[in-house]
Amino acid sequence: MNEKANKKIEKQARINERVRKIVIYFLLTLWGVLVLFPFYWMILTSVKGYGAYNSEYVPKFFTLSPTTANYITAFTAVPLAKYFFNTFIFTVITTLLMMVVVVLSAFAFARLDFRGKDIVFSLFLSLMMIPNELVIITNYVTITNLDLRNTFLGLVLPSVTSVFYIYLLKENFEQIPEELYKAAKVDGTSDFRYLVRVMLPISRPTIVTITILKVIECWNSYVWPRLITDDQNYFLVSNGIQEIRENGFGRENVPAMMAAVVVISVPLVVLFLIFRHKIMEGVARGGTKG
Amino acid sequence: MKIVLQHVTKRFPNRNKKIKDDVIAVNDFNFEIPDGKLIGLLGPSGCGKSTALNLICGLEKPSEGRIFFGDTDVTDLPPEHRGVGLVFQNYALYPHLTVRENIRFPLENLRGAKKLSKEEMEKKVQEAAKLVQIQDLLDRRPNEMSGGQQQRVAIARALVKRPQVLLLDEPLSNLDARLRLQTREELKRIQVETGITTVFVTHDQEEAMSISDTIVVMKDGVLQQMGLPQDIYDEPVNLFVASFLGTPQINTFTGEIKDEKVYIGDAAVLDAKGIADGDVYVAIRPEGFIIDENGPLECDFLNREVMGRDTSFVATHPLFVGENIRAIIPSEETKTAVDGKIRFSLKPKKVCVFDGVTRERIML
Amino acid sequence: MKKNLTAWLCLLPAIAFLGVFMVYPLVDVLIYSFEEGYNFASQTFWGTGFYNYSYVLHDPYFIQALKNTFIIVIITVPLSTGIALLISLGLSSIKALRDFFQTVYFLPYVTNTLAVGLVFMILFKKTAYSDGLVSLLIQLFGGPSVDFIDGPYWAKMFVMCFYTIWIVMPFKILILTSALASVNPMFYKAAQVDATPKWRIFYKITLPMISPMVFYLIITGFIGAFKAYSDEVALFGTDLNAAGMNTIVGYVYDMLYGNSGGYPSYASAAALILFSIVFTITTINLMVSRKTVHYQ
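Chains as they are written, first to last, in this note's numbering: chain A, 1 to 290; chain B, 1 to 364; chain C, 1 to 296.
Think of the hints as simulated: they come from the structure by calculation, not from any bench.
On a predicted model such as this, the values are computed, not experimentally measured, just so you know.
Each hint should be verified, as a subset may be incorrect.
What the hints assert, rightly or not - Some chain A residues flagged as far from chain B (calculated, every beta-carbon gap over 10 angstroms):
| no. | residue |
| --- | --- |
| 1 | E3 |
| 2 | I9 |
| 3 | E10 |
| 4 | A13 |
| 5 | W41 |
| 6 | A52 |
| 7 | K117 |
| 8 | S126 |
| 9 | I130 |
Said to hold, decoys possible - Each computed EDC-like pair below joins lysine to aspartate or glutamate, with the alpha-carbon atoms no more than 20 angstroms apart:
| no. | chain 1 | residue 1 | chain 2 | residue 2 |
| --- | --- | --- | --- | --- |
| 10 | A | K7 | B | E108 |
| 11 | C | K204 | B | D71 |
| 12 | B | K124 | B | E144 |
| 13 | C | K189 | A | E56 |
| 14 | C | K189 | B | E80 |
| 15 | C | K126 | A | E56 |
| 16 | A | K8 | B | E108 |
| 17 | C | K198 | A | E56 |
| 18 | A | K4 | B | D76 |
Cβ atoms here follow ideal geometry from the backbone N, Cα and C, with glycine treated the same way.
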């Protein structure tokens, strides 16, 4: 080892490190731009005037005269507020109902002893492999035969159970130390009181995770609502946007369309920006435990 | 390869962002590790000893100061060019590779003139495995082995490329008591056999004392004392070193020097010729007590613990610092029944006196 | 006994819903697929056999959908997983701006696929007023004017794959960054002390250690891509057959509902064909992973 060679090595190491950093930041920024650009474009287009937009053969990357006219059009020309309201109701009802069903089942599997528990649980698990696409055909027929098309009930019913979430929550419940249950029993706590006062609070992170995942799923659901509703009064935002695209505003009113898109995207994006750590953590947990 | 640290300081930004001051993990270190020795870096947890090891290894760069290997300045040299072997506390064995692949891993990194053929690699792997006596385990995976075996693999991996310096971070802390004893002897044997300058970090003073050629005692990032194990035990430079080394712990009393005598309360326990009056700490090794009906130090007897060869007398004293006094007396000298009070005289060589304020040693 | 009753009462809602909307349909779809000439209105059929399967497999629209689906799967799964791995590696090697980048990268996950699809359509579509931004950019570099939405097949497929990758990236990046973060840094230090080159650290240490997650993403990626549908609708509208961009799932829905709908038997047969494809590929994947993936 000699000093001179070492100096050279040190210098080379420093240069390599710097080059590496520059390349990394460049690539990360590139993907960042690719992700953000559509968002920028939709906001930009939504504030361009109808005339101004259509006169730009080469679209401008900024506008000097932003307008809110498109937003007014979006809410008046199509029942956007109605779609919004429908989606909100749909999301709340589905999530709440599912939570009840999921919590009760997870509780039964984790805490209660009954004959056939293992068999029933394995049956549940095996249902996890069944893709939605396979059962949706019959469900469509069932709901149609029950005369539940174009009703909230019809929209909600098939998606209020999730074996995956039952599994997730059951695992979580089972991690609660047995001593807590025994202590509660000694104090004369009933099983249900124990569930509400002890198990649910302790499992809050998982409950939050499940709620987040379900809300995102509801807000973006498209296929089932499309099958089950053809009355605009029951359209959710996804179907609304598709309707707008095919029939609304006249085909070429792109700025109004973009205004509708912005309005639809805002709630979840805002929710995400506020709770981003919770949401990302939740998706990572929910996504990898399966 | 001798290792020299000159005024080495390492600061970390405080984790609590509200506090602007940096955390000083290693403060103005100066020492020289002689070639071919086994050095124990000893200190309580959080004293910066692992940081010191990382600095020598190159995983951390010092904020100030220089580090030399031999006569070469390696301060800014990345670890991969320093020619060091490092054994991690948790061994850092790659779980997806077999023992053979783990040990061979560093060899496969060699490039250019140093590049080895498959046969040469296998030969070196075999040599290293033989050195740590794991020849029969080469095809296992780390999770199929005991902690002690994993430890050996980790050492073999660190040694296989013949480093100039071997560094071990808490090498024995993950082993059970029996294995620890066995492995530390093993460590000593390997070091002697290879003659590689070896530095290991530990918080266990017994471990450090038993195998080190030299001990470096640290506290709060500051080097306290460096020397032969026996020297540090017998002649600690301050109260911290005195109480950190030795089990049971040294017995510390508050006392004072008055009229050239050392007092604990009213009891004059030692002469202190030519020393100015003042408050002091008097620290007595457990083996420094002699049961003596006429001894100056009177304590309240609590109970005795028989340990076979020795007997430990547990007692209290109002000026004692800490819980209970422990005096270790050879069993044949303890036949007399004791009840209520017990009186000791002291072996002067086993007593150290420290300044009441600076806690530095006062040489009597 | 009382405990038994409580338990079954708790499970009742789940069992009822699963029974009606999962188990019964599963049996039913099988039956449908073998009922020949099923009439939706009168709920009658004139025979049983494999005719539905044969019809579907000979339907040019289905062949087209099959082809499209396979192309999407083969292009998007490796590409998205690879790019996500690159990005995650980049993310885990930086400190400054890391949180910002992670937040930005996750945005597509929380946006409505249909809505953002419209933006992509605008960016790629050629209209009477404008060639579309992307096409204009291509022309800027001397390329031809291309309509990616109503133009040639390869162009449509390009947008399709691009959008699919854009949509699936957030999840993959998230999973891979947390997988990378869970690798004990001690291994990297050990490798560094042993003078291991960066690429070798990646290939020999990082990749084996995160391999379970990579395989998980590949498997779920395959399953997800085989079920591609709403991304297509977002870009090309509901009449995917006309656009030549239909997928297997799209074919199922078209058979069931809409202008060409009313044939639950064909839909069932197509759905079961899809299911068997996905099942086979997942099984193969699992077999490969058992051989190559390191599980601790």
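For this structure, which hints from the list above don't hold up? Per hint list: 1, 2, 3, 4, 10, 11, 12, 13, 16 and 17 violated.
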